[in-house]
Structures are given as structure tokens and as C-alpha cells.
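Dock chain to chain to rebuild the complex, using the hints, since each chain is given by itself in its own frame.
One-letter residues, chain by chain:
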Amino acid sequence: MKFMIPGLRPLTPEIVMTVLALAILLADLVIKRKETLATLSIICVFVVAYTFSGSLGTAFGGMFISDGYSTFFKIVFILNVILTVLISVKYIAIEKVNLGEYYGLILFSTLGMMIMASAGDLIVLYLGLELMALSTYILAGFIRYDVKSNEAAIKYFLLGAFASAFLLYGTSMIYGLTGTTNLAAISEYINQHGLTGNPVLTLAMVFLVVAFSFKIAAVPFHMWTPDAYEGAPTSITAFMSVGPKAAGFAVMGRVLLHALYPIKPLWATVLIPVAILTMGVGNIVAISQTNIKRMLAYSSIAHAGYALLGVIAGTADGLASMMTYLLIYAFMNIGAFAVIIMLRSEGFKGDMISDYEGLWHTHPLAASLMIVFMFSLTGIPPTAGFMGKFYLFASAINAGYMWLVIIAVIFSAISAYFYLRIVMYMCMREPRQTVALSTSPSIGLALAITLAGVIVIGVLPAQVVNLARIAFP
Amino acid sequence: MEQVMTNSLGFPVLSTLIFLPLAGAVLLLLMPRAQEGLIKILALSASLAAFIISLPLFTGFDKSTHVMQFVERHKWIPAWNINYSLGLDGISILFVLLSTLVTILCVLISWNSIKTKVKEFYISLLIVEGAMIGVFCALDFFLFYIFWEAMLIPMYLLIGVWGGPNRIYAAIKFFLYTLVGSVLMLVGIIVLYLYSGRTFDIVELSTRVYPYQMQLWLFWAFFAAFAVKVPMFPVHTWLPDAHTEAPTAGSVILAAILIKMGAYGFLRFSLPLLPEASKAMTPVMLTLSVIAIIYGGVICLAQADLKRLIAYSSVSHMGFVTLGIFALNIQGLEGGILQMVNHGIVTGALFLSVGIIYDRTHTRQIADYGGVASVMPLYASLFIVFTLASIGLPSTNGFIGEFLIILGGFTSNQWAGLLAATGIIIGAGYMLWLYQRVFFMETGPKVAGLHDMDARELITLLPMVVLIFWIGIYPDTFLGFMHKSVEHLIDRVNTGGMHGPTVARTIMEVIK
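Which chain is which? The protein sequence lines are A and B, in order.
Those letters in the first sequence? Residues 1 to 473, by the working numbering.
Those letters in the second sequence? Residues 474 to 985, by the working numbering.
Because the hints were derived from the structure by calculation, they are not lab data.
Some hints here could point you the wrong way.
[What the hints assert, rightly or not] Simulated coverage check for chain A against chain B, where a stretch passes if three residues somewhere in it have a Cβ under 8 Å from a Cβ of chain B:
no., region
1, 231-237
2, 379-386
3, 392-399
4, 409-422
[What the hints assert, rightly or not] Examples of chain B residues toward chain A, derived with CB under 7 Å:
no., residue
5, Ile550
6, Ala552
7, Glu622
8, Val634
9, Gly637
10, Ile641
11, Val653
Using N, Cα and C, we set each Cβ at its ideal position, and we do this for glycine too.
For reference, chain B alone in the conformation it holds in the complex (with noise of 0.2 Å):
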């Protein structure tokens, strides 16, 4: 079977995707310093320009196959059989337009807040972009490692340079972390290019099968940088740190993108090149994601910093993703999926928010807010929204990816499906409380006399709230995309790459 679909958009979409906001950045390097209001309106076009180029990815998917589509392929390194070659499918789609649509609002949201080396922040958030974007268009190991690695550089600078007062401490603990992972991957990836007899064709990897004792070395060599990003329990200590110290944007991509990768990872990597690994180690695994739920949650508890809440919330998160991932069933990957669009959205929004008033008060401190639903009725109105979502109330959009995931979680294990469900419980406290202590009650003083939100801001969050009901309400837009990407993924995990997925679903029908 043919495994890529040529690019039938006529243009080479997702390179343009990749290069325009590294042109943008190039662009913004030669602008004078000074002239700031300038700098910003060129990042801002640079990364609308981005955004509309990704819409007809959107318009124009096929979502009647799993095969690579919009794919581009070009010779590289031939001396060691690289090329550059890029492609989507079901799995990588929704966060290459997830990925475009985050910078704009990060942009945005730096809009004022962002006061010192004005240049230099929009040009590091610009870079991030298309790193971020290759990483999920990459169809080849090495050029995925490039990309992978590469948004480390300016990510260090965007948490280091612009963070909070400890930024210093949370951007090298961000880079060791991450970078130890990677260099361990980065033997899995040669491990496996040698055995494949010096391919770093994803496709193709995906078709080969491995011995199973290699596959269990290089499960958790990939394991190390995955686990990492997304984060898992017990590695996720540096997410919070990261999340909190760094700028509104940082903040946000990182949350909404940056930790995606790591699932994404599991995804494409761990799951279709060794399924026989991946599924002796769901044990395991599920066990870290119930694990991350319930322990992310009850830390979420304690925390006094708003900003560092919210991160914990991510780990909890993070977890149920990596639970409905190694559930290793339909519901549970394709919840698993949605909820990482769904983490991006809500969790992206929280972080966005949080950056809105913070502008205003500077201080994290929960204790120091109170009663600003008073003040500023519009910003209490939009932040109930991301709180409910958060939770996963029906209608919004966590409800769907949480609700897949659990049954996914059931199918595959009582336990974790039960445990995974008392997460919800203690998300609803922990954000719920969170409400109550910011909005109501008495008015601090420092939330005294506070302007509601502008018009930039509200533009800001906009597109968040159309997200959370337009997946509440009719998530088949989104999870279309991914059902035959999926389906694929669960044949090559079930046979183990041991018969063609076609046999597979062959002897499926026969047993019925």
C-alpha cells in the first residue's frame, strides 16, 4: 500500500509553515531597535500570515485515509541517507493548527506585558514557532531530533530572559531536564537507524519489525526524552518551575505545545515502531498516568501561586493523555489526542488569563486576589468558562476527552479507569477553590479599582472559547481526523508489525 499522499495544495505548505516565522525572525533581526510598535505589528502579520497558510490544512485534509498527507520530500545528508521530508495525518494535524494559532495569541497577550529586549522576545517566540511546527511535520527521525532539540535554544531564552524572579533556577533545570532525555533518545534514534540498515524514514521504521528485547531498550531510551516533555510522574518536577517563572507567552506554549510533543512522541514513535514493548509496558505505564492524575491533583491543593497551580493541573492533565495513549484502544487514543488539543486549549487560556491580571496586580499570589468578579465582571465571565472546561463539565470540551479516555481507561484496566475518574473529582475541588478564592469573596486590596479587559485581550481569548464549545458540542470536526489515523496505529500496535494491517483486519472479521 502506498504509504504517502503527495502535496495537493500545489504550494509546499508545511515547509512555507516552517520557514515563514524563521523568515519573520530573520526580518525582525535586521529592524532597528526602537522601533517597537513596529516589531510587534511584523510578529503579530508574521504569525497570522502563518495561521491563515495552516487553514487549508484544515479545509483540505483527507480524512478518509491514514496515510501521510501534504507530503514533501527532499534529499538532505546523503551520505547518511537523510532527507527532508515532511508530512501530516490524522495524528499531527490538529497540533500543527493548534501550533499556529497559539502564537497569535501569544503575541497578543505580550502585547504590553513584554517591556525589555522587545526584539529579541518576538524573535525567539517566532523561532519556537516553526520549530514547533517541524517537530510535528517531520517525517524523518533526524530532522525530528533537529527540530526537537533546536526550540530548547530559544525556549531557554524566552523562560531565562523574560521569566519571573527565579527565572534563572526554572530555564537551566527546563534545558537539563529536557536535554538528558533527548541525548538518550538521540542513541535510540542511531540504535535504530543502523538495525534498519540507515534509514531514518518514519514510514518506513514504522513498518519494520524489531526484536523484542531491542524494543525494550529503546522503549525506554525513548521513554527518557518523552516522558520528560509531557511530563510524567516522577520526572515532571521541572514543569512546574518552567511554567511558572516563565512569561505569559512561555507559559502558554509551553502548556499548550511545547509538553503536547512528548505525548506526541509516545504517538508516533513509541506506539507504531515498538508495539511489542509499548504493550508489555502498559502495565507500567498506566500506573505512572494514574499515578500523575491523583498526584498532580492533590498538589494542586496546596498551592498558594496561581501560576504554579495551574502547572500542577497540567501534570494531572498530562496524565490522563498518557493514560487514554497506553489504554492501547480506540476511545482511549483518540481521547487521549483530543485531550491534548483540549489541554492546549484550556490549559493555554488559564495561562493566558492569569497573564491578563497579573499585568495588572503583579503578584501570583492567591491570597492576594479575592472578589474580582466584581471588578471585572467580563474577565470572571470568560474565566468560569476555562474553569468548567478544566474540570471537564458536559458541553465544554473536556468533558468529551475525558470521557473517551476513562472508557478507553475501563476497557483496558478497572482499576486505572477508576482511579483515573477520581482525578476528576479532585480537578473539580482544586479548580473550583481556586474560583472561589480569586473571584469571590472579600475585594484585596490590590484587585481594588482594576479596569475589565480591553479589546486585545478579549480577542485574545476569544478563539478559546469558540474552541471549548465547538468541541463540547460537536467534537466529530476534530476527532474525524484522526479516526483512520487511529485505527491504523491500533492495527500496527495489535499484530506487532508482524502481518500487514490488512491480514490483520481480515482474521478480525473471520473470529466476529
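Chain A extracted, bound-state conformation (with noise of 0.2 Å):
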């Protein structure tokens, strides 16, 4: 221990993390069963978990922070990890794509991501953000021979880029203007030279939520999403669902709320009509979907509209509604996605809506399992998509956005229309082909997990709740 920076301390887990993630991608050189690699996997970010509590502190001049925010986002990361891990064993498989970098690239993503969260600098959220886009860049097109999935994965990487581009683009402002990237810095600045009016400010503002709505996946700049998460294997589509979008989310409310907060007003004022777009057109497009990712993909940039509402109410409620949100999301749409990852069979894509029909009389378990998810993304209690929603909504009614939720709650309502559409195709309709399941332990382990999740945050949610509400300074 003596070569040990004493600064260090709040990086463990990253640390952990880079040499465990680097560890199983040399193992993957001897280990033939692939099997292995995924259990080592989850093993790795249990590891990492359990340095999350000795870590809190700042590093390198606050350059990195390690707080109850940074860590709450952690979990919802390393959660995203170890059901993503569990839905893919067998699929991979299906897919022929069943090689050891999956895993590693899942875990140096996972690594971008708290990067991003525990980001106390513009230049160290942009390597996070590139580390994690980049592997996520690969895993959206890891079905090689898939033209579809190629399609995805180049069509995220331009997009991703012309993001990274505007980021770096508005930092460069901010760093012209106030002469520091350090959020808390460019706040003080902000204060200190009454630069609450600058245009240039605003623009570098405008620049930099127009980067975090590609990463959110915000209306209008969303459009990559529905290809990407269509091509995709399934199982990252789950893992983009939810990882690159709750880092996303961990950076705007520490950008927005800590170095921007000065400029309140001037970013509400860009984020609300981003909000309403996002919540609009997410759920009136996914009524309109035959294929399910797609149908979910449009669902994802509905809730990010809903989860905005958080960010735009601008308090300490405000964010952690956003945070429970982004959690209790994490439960509800992998296990969609575990069982629409079991209908990949053999010879059989069972993407489509119209493969779920009669799922109830010949699947009861997988179609009352894929009810529950429904039921939660619509937000009918007593399910945990119920409880964030109220919580989002009551934070955002308290911050003075009343009419903001009354919109908010009519596309909340017109969701329920195609999220109802499956349950109605699954339990209304008669089977007209004969659909196998490939079911798995792990996948099993998984669905457990997403619904007593789901079931037991919809009931008894105040743990959750006070774990988010302390975590915000």
C-alpha cells in the first residue's frame, strides 16, 4: 500500500472495476466456456459494489466526486449490469455471437457510465461519456453478420458522434468564458461576473442539453433510437434502455443543477417544450409500432420525457424523483425485455407484436410475467411505475409546473393504449402458432428479480425513496 496516492480513495470502485473488467477480458484468452465469463461478471460488479461505501470524497481537486448521487446512480448501473448479464447467457448463444468481449465491453461501459456520474468536471464527464458510448457503439452491432444490427450500430456511432461534437463544442464556451471546466467553478464564476445573461452562456447551455437529449434520447433528438434499438441484440437493448440513459440523466442534473444552476430559468425554459415533444411523440409513435423493441424504444424516449420532469422541477425532490424513476425504469423495462428475449427461439425473431397472440393460453407464467411490465410502464398501482410517476409528478406540481403534469398525465393515460395493446394481443387473442420459449435459469433469476422489484418498490417504496432523498446534497 505504499505506492497508494492517498487521493485515490474515492476511485476505487472505478479502479476496481478497470482491472476486474481487464482481468476478464484476458480471461476470456483460456476460458472456454463463455458461461464462465458472465458469472465472472456479475462476481466483478458485486466486487465493485462493495467498495461503494469506504469511496465517498472528492479526487484530483474535485474533479471526481464520489457522493450519495454519484453512488445512487452506481447502483442503477450495476443493477442494469448483472440483469443485462442474466437475460444474455442463453441468447447470445441463439445469436451465434457467444464470445468473451461481450461481457468486457459491457463492463468498460458500465465503467463510462460512473465516470459520467461521479463527474465533477466537464473533460472527465466527456471521458466518461465516451468510453461508455464507444463500447456501447460495439455492442449494438455485435450480431455481425446481422445487417440490421450493423445498421444500428453505425447509425448510433454518427449520431453519438455529432453529440460528443456539441458537447465538446459547449465546454469549449464555458471554458472561454469562465476559464475552468470544474462545475462547482463555473457556477461561482457564473455568480461572481453576473454572466447570468450572456448569450454565449446560453449557447454553450443549449449545446450541452443538446448533447445530453442524444444520450437521454429527447425529442428531436431521438431519432437514432428506434433503428438502434431495433437492431440491436435485444439484450442491448435493454442495457442501452437503461444504462446510457440514467448516466445521461446523472450528468444533466449535475450539470444543470450544480454548474448551470444560476441560469435556472433559461434551461427550463429550453427543457419544457423538450419535455412535452419527448412525451408526445414517444407515446403517440409507439401506438402506431408492429415490432416490439421498436414499440419500446419509442416507450424509452416517452419516459425520458416523464423523468425530465424531474430535472425541470430543479429541486432536491425534483432529482431524486428522477433518480427513483430511473431505477424502478431499470426493473420494469429489462423484464419486458427478458421475455421478449425468451421468444427468440431457434429459426424464430418473435420481435413482432403479432407473435404475442394467444402468449396467455399457451404461456401462462411468461404472459402474466409480461403483463405485470406492462402494467408497471403504464403506471397502474400497485406496481412501482405507479409510485415513481406519482413521485415525479408530485415534485414537479410542488416546483409550480402544474400544467406541465396535466400534459404529462394525458400521455401517461394515452400509453396505456399500447402498452395494453400486448397484454390485449396476449390474453384476448387465440394463439395462432405455436411459440417456444427459451427459457434459462438465469433468465429466470432475472424475470424474479425485475418483478419482485417492481412488486415490492410498488408497495413499499420508502426505502427507495429515502435512499434517493438523501443523496443529493
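Below you can see the structure in the form of C-alpha cells.
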């Protein structure tokens, strides 16, 4: 321990993650059974999670912050890895891409997310974002022989690179204006020099918001989402819909509520139309989808719109509600994807909504689970989706955005139509073909975890809410 | 004044009532699918047990006070100050009893008519029962909303999976209408919660005073949820589809309990929380009620489908209920509450009866029937009782309810009373004409040779017959429950929450 630099303690989780992810990448060379790598990845993230408790503090002069806020998001990321890996094991074998790099890339992508959540500096933020994004581009195109998967990767890559440019441009403008990239110092400088009305700062803020909106798939920067979600391997779609989105929200909360808090009215003015459009386009376009992965892509756009309400509220409760919602969203969305992934079997894609006809009659258990996740995504109690939405709406109303919440609840009611359509296909139609489910113990475990999450948080949300509330300083 | 009374029964009776059916549902879930007989018996035992447990409420209720009784209170989500609190007063108790009774009848009537997915059917039914009872018992607005929304899920499945040919359309229409109304109410609930310093406690909320402008907004937010459920004109269009396409048990639950939740919402929330807005909106509400009474009745005359006719008659009858509630006087309110119970009994019984004959003929078209009285005399004699009760013949329960409502209506607004009374005449018209077309005239080909009711079906209908005459001849057993609570409610509405009710009463004494 002699060589340990004292200031590195806050980075312990990230360092451990890097070392173990590299170890898994190397282990791939000697281990022939790739299922072992899946187990190792899960053990790896558990070890990382174990280091959270001792890591609170800041490093590198405030460039890296490990606090309750970042830890909450890291828990979401870890959960995301566990669930993704659990639903992947059998699936990537069916897709014939059972390669070891898959798990390494997931871990590196998650490492990027963790760095983003802890970023106290725009440069660190950019580093984390690129690490996350580059790994995810590869994962999206992981089924090399599939044209759609390639298309997903290239679209995601091009638009993601575009978004990175926006981020860098915004960062450079802020640096030019304030002479710093440190989030706390930026806000201090704005306050001291009365820059709140500065047009360059406004432009920089708009650029940053654009870049984050790409990552969380907010309208009008959502164009990549449906194609990327549809083409990517289903397990990676689940991964992408939760991880990068949550990471995007993490940095959004940190940048807007720390660095740019002095110009809150300005960014709220920008975000409000974005949120309305996001909920509107997401929910309305989802109605006309025939492919379930595409439908859930639009649904994930809509859910980003709801979560934006928490950021717009701009209060501690607002952020806590956004964090709670993302955690809940991880459970219900990956749960839904776990069911979707079971329908994929040798020679049967099973990603059309019509493939779900009569599923309740042929596979009652899988269909019942899907019903729970669909109702949770709609936000019907006693599921977790309702609690999350309630908290978001309550904090937005408390911050004075009642009319925005009225719009949100109307869109939420509209969303019932397409979620219930899945329930309708499963329960109220006769099966037209026999669908074989590719089940495995690991998917069963993932379903059990997600179901428990959706029900337990739905009935007893007190613990999760408290965790999110104390997280934000 | 102490607003609640602790539970005198020695065990948490209301929680038991809510969770016993849910436990029954979980038990059914674990049963093997093939054991259909056992599944039915288990469902029947669960509903019977809930009914037996609810009987002490009937006997143990203290009629001399308006405060909440059988109260249970536990912390649930401390961060949001949400409590799991339950209790009953004179307004809600009858609906809990009606819910437990109706569920038994629903299990019995579905015994032979549900042939597919038997297990899931009874699971849904029991979940609906638990949620219904929860709605009437909840003393926390958040908890109320949870039950209110949660019952949409099993109800959606009941209509959509086991319903008639057009069931998918009816189920989604039902769900979307109700959901849009409910989410607007949710916004209202949150506003109320934040304004009152973060509490959802219904008893406490209904002692506060809210600014008039806010009351108006909240009134319409709540209206969106409750009016859809009642259903009031012009948001009633989901009801004919849902009632018609639902399986018999679903129609009975919809008619007997679910649509009462809307009127109950007005009584429990709109009136005591927003007294001034309620008073100001009386003309609108009375107009909508009268339109529902007459419009619903006239439409019944044109129906060719048995269930659809009874469904539209519900629109008309619920118009009477809202008329009584918004007459805002003792007679009107008591009549309204009693008429809710009556409508639950009579329309529930009518849907049960239609279910009995539908199981035999598999047609709902009135034109396919005729001469049923000659082949099923026992059935015909029970059906005439329900028909007359629906019309409101003296000595049946319908008479008491409608009489009180029209009395209250006249006191409040003469035109409303007058127009509502014409609704009764229209009611007599369509019900008697229906009876004539189905039971008399030429015996139709589908009717010939039908066997009369068996013991199970008779047992299903008998409780309703008993209740019809009990309420019709000695209504005080039931009205007695509500006197104090209704008085308290009227006090609250008339004083606008400005003074304590006792002060108001003293002032009234002085004026007299």
C-alpha cells in the first residue's frame, strides 16, 4: 500500500472495475465456456458494489466526486449489468455471437457510466461519456452477420459522434467564458461576474442540453433510438435503454443543477418544450408500431420525457424523483425485455407484436409477467411504475409546473393504449402459432429480480425513496 | 371532537376483508389448472368467508355517531406522510356489505357459464373484490387512489377475456375512459396534498378550508374521475359497451359496485372537501343528472339488446343518484345513498337474471325471446319482482330511494324534481315493455323447451329478492346507518367548513 496515492480512495470502485474488466478480457483467452465469463462479470460488479461504501469523497481537486448522488446511479448501473448479463447468456448463444468480448464491453461501458455519474468536471464527463458510448456502439453492432445490427451500430455511432461534438463545443465555450471546466467553479464564476444573461453562456447551455438529449433520447434528438433499439441484440437494447439513459440523466442533473444552476430559468425554458415533445412523440408514435422492440424504443423515449419533469422541477425532490424513476424503470423495462428475449429461439425472431397473440394461453407464466411489466410501464398501481410517476408528478407540481404535469398525465393515459395492446394480444386473442420459449435458469433469475423490484417498490417504496432523497446534497 | 373511533371488534376486520380475497386469489394461483371443481369451491369459500366476516360490521356499527369506525392506522410511506388507514362511516358501510354479498353471487352465477381459463377468472374476481372493499374503506387519499386504479387491471381482463364478441373494444374503452379521468384526479390529489401541508388523511383534509378558486379547479379534476365512473352524461358512453360485453359476473360487478364508486367519490371527497364549489356547481350537476335520467330512459326504449337496455337504464338510475346527492339536503342525500344500494341490488339482480337465460339461449336479442313466462314460470315471477323494483313500485326498495330523491330534488329545485319524476314514467315504460316482449307474446323458437331455474340459480337470486322487500318495507334498518353521517356532511357543506358543525347547529337553533 506504500505506492497508493492518498487521494485515490473515491475512485476505488472505478479502479476495481477497470482491473476486473481487463482481467475478464484476458480470461476470455483461456476460458472456453463463455458462461463462466458471465458468472465472473456478475461477481466483478458485486465486488465493485462492495467498494461503494468506503469511497465517499472527492479526488483530483473536485474533478471526481463520489457522493450519494453518484452512488445511487452506480447502483442502477450495477443492477443494469447484472440483469443484462443474466438475460444475455442463452440469447447470445442463440444469436451465435457467444464471444467473451461481449461481457468485457458491457463492463467497460458501465465503467464509463460510473465515471460520468461521478464527473465533477466537464472533461472527466466527456471521458466517461466516450468510454460508455464507444463500448455501446460496438455492442449494438455485435451481431456482425446481421444487417440490421450493423445499421443500428453505424446510426448510433454517427449521431453519437455528432452529440459528442456538441458537448465539446459547449464545453469549450464555457471554458472560454469562465476559464474553468470544473462544475462548482463554473457556477461560482457565473454568480460572481453576473453572467446569467450572457448570450454565449446561453448558447453553451443549449449545446450541452442538446448533447445530453441525444444520450437520453429526448425529442427532437431521438432519431437514432428506434433503429438502434430494433437492430441491436435484444439484450443490448435492454442495456442501452437503461444504462446510457440513466448516465445521461446523471450528468444532466449534475451539470444543470450545479454548474448552470444560476441560469435555471433559461434551461428550464429549453427543457420544457423538449419534455413535452418527448412525451408526445414517444407515446403517440409507439401506438402505431408493429415491432415490439421499436415500440419499447418509443416507450423509452416517452419515459425520458417523464423523468425530465424531475430535472425541470430543479429541486432536491425533483432530482430524487428522477433518480427513483430511473431505478424503477430499470426493473420494469429490463423485465419486459427479458420476456421478449425468451421468445427468440432458433429460427424464430419473435420480435413482432403479433407473435404475442395468445401467449397467455400457451405460456401463462411468461405472459402474466409481461402483464405486470406492461401495467407498471403504464403506471397503474400497485406496481412500481405508479410510485415513480407519482413522485415525479408531485415534485413537479410542488415546483410550480402543474400545467406540465397535466400534459404528462394525459400522455401517460394515452400510453395505456399501446401497453394494453400487448396485454390484449396475449390474453384476448387465440394463439395462431405455437411459440417455443427459450428459458434458462439465468433468465428466470432475472425475471424474479425484476418482478420483485416492480412489486416490492410498488407496495413499499419507502426505502428507495429515502435512499434517493438523502443522496442529493 | 374526536374524528375517529378505534376498532371495537378486537381484530383488524377491514384489513381482513381486503386481504382475505387477495389471499384467496394467491391460493388459487397455486392450484393446478385442471382442478376446476376445487378452484370454484375455493373461490366460493373465500367469498363466503369475506361475507361472514363483514357481518359484524352490520351488527357492531354504532349508528349514533358520524365518526369513522373500525379504524386501523399504520405508517406506510413516512417520507411522503402516507398512512395505511382504513375506517367506515354511515356512508361507506353499506357498500362494503354489498360488495361482499355481490361477489358470492358472482361466483355462483359463473359456476357453469365460465368454461375457459376458469382459474384466472376467479383470481380476477377475487382481486376485484379486495380492491372494491379497499376503495370504500380507505381513509387515506393515496391509498384510495391505489385501490381505485388497481381494480382496473382485473376488470379489464374480466371484460376483455371472458366477454362477448365485441369485448376487446369494450375493455379498452372502459380502461381508457376511466384512466383519463383518474389521472386528472391524481393531479388534483397532489395539489390538495401540497396545499394542506402534505397530508393525505381524508378526515383531516375534510376539516380544512380551501380557497374558492382552488375548490373550483379541484371540483372539476375530481369530477373527471367520478363522473366517468358514475357515469354521468356526457361521459357515459363507455358503460353500455362495457356492461353489454362483460360476462355476467363482470356486468353485475360493474353495475352493482363499480359505478357506485363514482357517486361515493362525490360523497366522500367533492362535497366535504370542496363544499363551496359543490354548492356553486349544483345547477350544472342537477342539469346533467336530469339529462341522464331522461336521455338514458328514452334511449332504453330503442334498445334491441337485453343487456344494453339494462345498461342504459343504469345511466338513468345513476342520474337519480347524482340528483339526490347534489340536491344537498338530507332527503336527497339519504335517498341518493339508498338508491345506490338499491340500484346495486336491482340492476345486479337483473344482470344475474339475464345471465341465467343467456346461458340457455346464448342470445341477447330481445326479438329472439317471447313467451318465457310459459316455459320458466319461476324465473318469470322473480324477474317481475326485479322489474317492478326497478320501476320503483311501492313496497319495493326502488320506491323508497326514488321518493326520497324526488322529495329532495323538489326542495332544492322544483324543475329538477319535476323532470326527474317524468324519468320514472319513462322507466315504467321501457321496463314493462321489455317484460312484455320477453316473457309474454308468442313463444320464440329459441325459448321453447327451456328448463326453469335450478337450485344454484335460485339461491343466487333469493338474497336480492329478500333485500328488495326488506328495504322496501322497513328501510330504516339501512337508512339508520346513514342519518348521522349525512347530517354531518350537510353541516359541512352548508357551513363551507368555516365554522365547526356544532357552531352551525347553534346558529340554526337560534334562527328557528
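Hint check:
no. : hint    : result
1   : 231-237 : violated (count 0)
2   : 379-386 : holds (count 4)
3   : 392-399 : holds (count 4)
4   : 409-422 : holds (count 7)
5   : Ile550  : 5 Å, holds
6   : Ala552  : 5 Å, holds
7   : Glu622  : 5 Å, holds
8   : Val634  : 5 Å, holds
9   : Gly637  : 12 Å, violated
10  : Ile641  : 5 Å, holds
11  : Val653  : 5 Å, holds
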